[in-house]
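Engineer: So the chains spell out like this:
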Amino acid sequence: MTDRPDLENWTCPVPLRDQTSIVMGHGGGGRLSSELVEHLFLPAFTGTPLAGVLERLGDSAVLELAGSRLAFTTDSYVVRPRFFPGGNVGDLAVNGTVNDLSVSGAVPLALSAGLILEEGMPLDELGVITQTMGDAARAAGVSIVTGDTKVVDAGHGDGVYINTAGIGLVRDGLMLGPDQVRPGDRILLSGPIAAHGIAVLSVREGLEFGSEIVTDSQPLNGLIGALLDSGARVSMMRDPTRGGVAATLNEVAAASGCGVQIVESAVPVPDDVRAACAFLGLDPMLVANEGRVVVFVRAGDADLAAETLRSHPAGTGAALIGEVVAEHPGIVVAKTGIGGTRVVDLPLAEQLPRIC
Amino acid sequence: MKYLDEFGDADLAKRLLDDIAASTTQPWALMEVCGGQTHTIIRNGIDQLLPDQIELIHGPGCPVCVTPLETIDRALAIAARPDVIFCSFGDMIRVPGSSDDLFRIKSRGGDVRIVYSPLDAVKIAQENPDKQVVFFGVGFETTAPANAMTVKLAKQQGIDNFSLLVSHVLVPPAIRTIMDSPTRRVQGFLAAGHVCTVMGLGEYEALVEQYQVPIVATGFEPLDVLEGIRRVVRQLENGVAELDNAYPRAVQPQGNPVAQQVVREVFEICDRNWRGIGMIPQSGWRLNADHADYDAEKRFEVLGITTVESPLCRSGEVLQGLIKPNECSAFGKQCTPRLPLGAPMVSSEGACAAYYQFRRLEVPA
Chain C
9 MTDRPDLENW TCPVPLRDQT SIVMGHGGGG RLSSELVEHL FLPAFTGTPL AGVLERLGDS
69 AVLELAGSRL AFTTDSYVVR PRFFPGGNVG DLAVNGTVND LSVSGAVPLA LSAGLILEEG
129 MPLDELGVIT QTMGDAARAA GVSIVTGDTK VVDAGHGDGV YINTAGIGLV RDGLMLGPDQ
189 VRPGDRILLS GPIAAHGIAV LSVREGLEFG SEIVTDSQPL NGLIGALLDS GARVSMMRDP
249 TRGGVAATLN EVAAASGCGV QIVESAVPVP DDVRAACAFL GLDPMLVANE GRVVVFVRAG
309 DADLAAETLR SHPAGTGAAL IGEVVAEHPG IVVAKTGIGG TRVVDLPLAE QLPRIC
Chain S
147 MKYLDEFGDA DLAKRLLDDI AASTTQPWAL MEVCGGQTHT IIRNGIDQLL PDQIELIHGP
207 GCPVCVTPLE TIDRALAIAA RPDVIFCSFG DMIRVPGSSD DLFRIKSRGG DVRIVYSPLD
267 AVKIAQENPD KQVVFFGVGF ETTAPANAMT VKLAKQQGID NFSLLVSHVL VPPAIRTIMD
327 SPTRRVQGFL AAGHVCTVMG LGEYEALVEQ YQVPIVATGF EPLDVLEGIR RVVRQLENGV
387 AELDNAYPRA VQPQGNPVAQ QVVREVFEIC DRNWRGIGMI PQSGWRLNAD HADYDAEKRF
447 EVLGITTVES PLCRSGEVLQ GLIKPNECSA FGKQCTPRLP LGAPMVSSEG ACAAYYQFRR
507 LEVPA
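As they're listed, the protein sequences go chains C and S. So in our numbering, the last spot in the first sequence is 364, and the numbers never skip. So in our numbering, the last spot in the second sequence is 511, and the numbers never skip.
Because the hints were derived from the structure by calculation, they are not lab data. Since the model is a prediction, treat every value here as computed from it, not as a measurement. There could be a bad hint or two in this list.
Derived CB-CB ranges, DEER-like [said to hold, decoys possible]: (1) S/Gln194 - C/Ala147: 45 to 53 Å; (2) S/Asn384 - C/Arg241: 39 to 47 Å; (3) C/Pro337 - S/Asn434: 41 to 49 Å; (4) S/Asp276 - C/Asp132: 29 to 37 Å; (5) C/Leu62 - S/Met325: 56 to 64 Å; (6) C/Glu63 - S/Leu468: 45 to 53 Å; (7) S/Asn434 - C/Ile30: 38 to 46 Å; (8) C/Arg318 - S/Glu273: 42 to 50 Å; (9) C/Val159 - S/Pro275: 30 to 38 Å; (10) S/Arg254 - C/Ala234: 45 to 53 Å.
Which residues of chain S face chain C? A partial, calculated answer using Cβ under 7 Å [as the list claims (entries may be wrong)]: (11) Leu150; (12) Gly154; (13) Ala156; (14) Ala159; (15) Gly191; (16) Leu195; (17) Gln199; (18) Phe249; (19) Gln503.
We treat Cβ as the ideally placed atom computed from N, Cα and C, and that holds for glycine.
Let's have the full structure, built from the sequences with the hints guiding it.
Structural biologist: Have a look at this one:
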């Protein structure tokens, strides 16, 4: 790691090096996002006592404090529209942070809520959003214990942006992370994918699909708690939000130095979501989820883990989708429905709908 | 799911593959014309499942890929204007012009919007009477009716702040160019099903007749593509050249007369430059004289913008089926989806991007 951004040897010429400005793709959770973190944020934040924690780039930072391990995470929610089928930015902001803590093996304890409000934002809408936040916190059993409010001029925000940070305690003795992932590990997905991204898109773009596609946003702490209670030897978990399951699998493949093989037909996608994706030319593997977890578990415990997930209300649609292999390190390969194979790449930025 | 699941059935795919393998006795080179079919082939690994003797050559049928560089540069010049809302299909946004793309124009404050239907752009024009709204009307015959409809509507309803940046291309002249090429290797075509849905099959009869080449209208799901391949191979093995329809659930011999009527009303045939390939006579549509007022190139006076393409990029040879994407020396090195030199690396329908995304295992690092 260098002291400052190495602009000369930067591998990403689009667009920062040439343009010195951010494009939407930098927030898309794909390759551009990772490059921003790797080349700009990490070098800037190095040299502090706990910088090594940041460099692990986990869903949460895990800090050793007085004999306990504290998980600490933060996320900002800038979803447009604010309301979408099955939820709004409020429950998303709570569930997202609860889930980032949970996949790190922590029991979520407390959240902060930072609200950036745009001048003119209707108070009744804000009331609904904050009430939903409270409901989500109560449902997940976490407390919102501190907060902040700022107001910006009209035209400088989409009504409300919410930042939540959260802390939780990591279970004793539990070691999770890409360094725990081994060839042979099985890969489980806790339920059908892509509903959240399509639900938001359908409202934002005014698309109607005949049936209403509802977000999958939900807290995962109960589900993950049950999984860990079962004794299944979990090596790693991650919630496939931006960039979808494809981004998550690629991140784990890259960080673990292993290959990932999945069976495409085993990845559950609801019929209406699949139809919407086919219609728009989107790949469900790249669409965001807000209530799903990808679990890496030792092969001998895969059945136990799958049964445990399926017997919890948040994981009824859980499926075994693939395994970790020693071959093709860092690369995700899918067996296609008709028996061929393909590489599942990390998306560059947001997916673009295809022309025809 | 109706019309999706049954056309991706693994058992039926196996039967078609067995049938193709059983009837193949010698090497054949087939071209799938449409980028949507290339996407299906690579995404499902169809080419790996075919007998070694069957070679699939990826055709020039990705509208994003063949839109000329200078048209992209004109689009960028228009989109950068403060008085313009520039609307486009999603995957045109990242196509590189000579030094910019629409994403960067947007990041500098340009109002660039992805729309799902061209008619949405007309609606945006109605809602923003103080802005000029431009739709980037690219594509083959498939997208032409909806693009033509925007101008027809704008004219009917007096929406004068709407205009169309047109770069339409046509399949039959491209097939003719490929067949006339002295280096051609293609022995049979999978014609683009959705183009045939609009235009019908009539135009292809003359091509089959003149070049004695099998042409089979083919759909886009895995079984559709396999069935198209099966029918072309069967013709080749039997020494016949016929026009056939393997996509009858969408393609009628006469096409869609209503759609054709809208196109005739608004567009006229013109010569068209294809990115990476060059000028193909009578291979495009532009707005006709009655609708020239809605031509964005004229309205914004960008016809003076002309550009040359990167000498490293061999997309022209890829698009003509002369080389595979990974045979280009820039593939995966100077040219990746992140920094594409040529348009086939941009759209997920583009042959180079499809190779990069799904076939990297075969490419030496």
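Engineer: Going through the earlier hints one by one, which of them does the structure break, listed in rising order?
Structural biologist: Numbers 2, 3, 17 - these are the hints that the structure violates, sorted from lowest upward.
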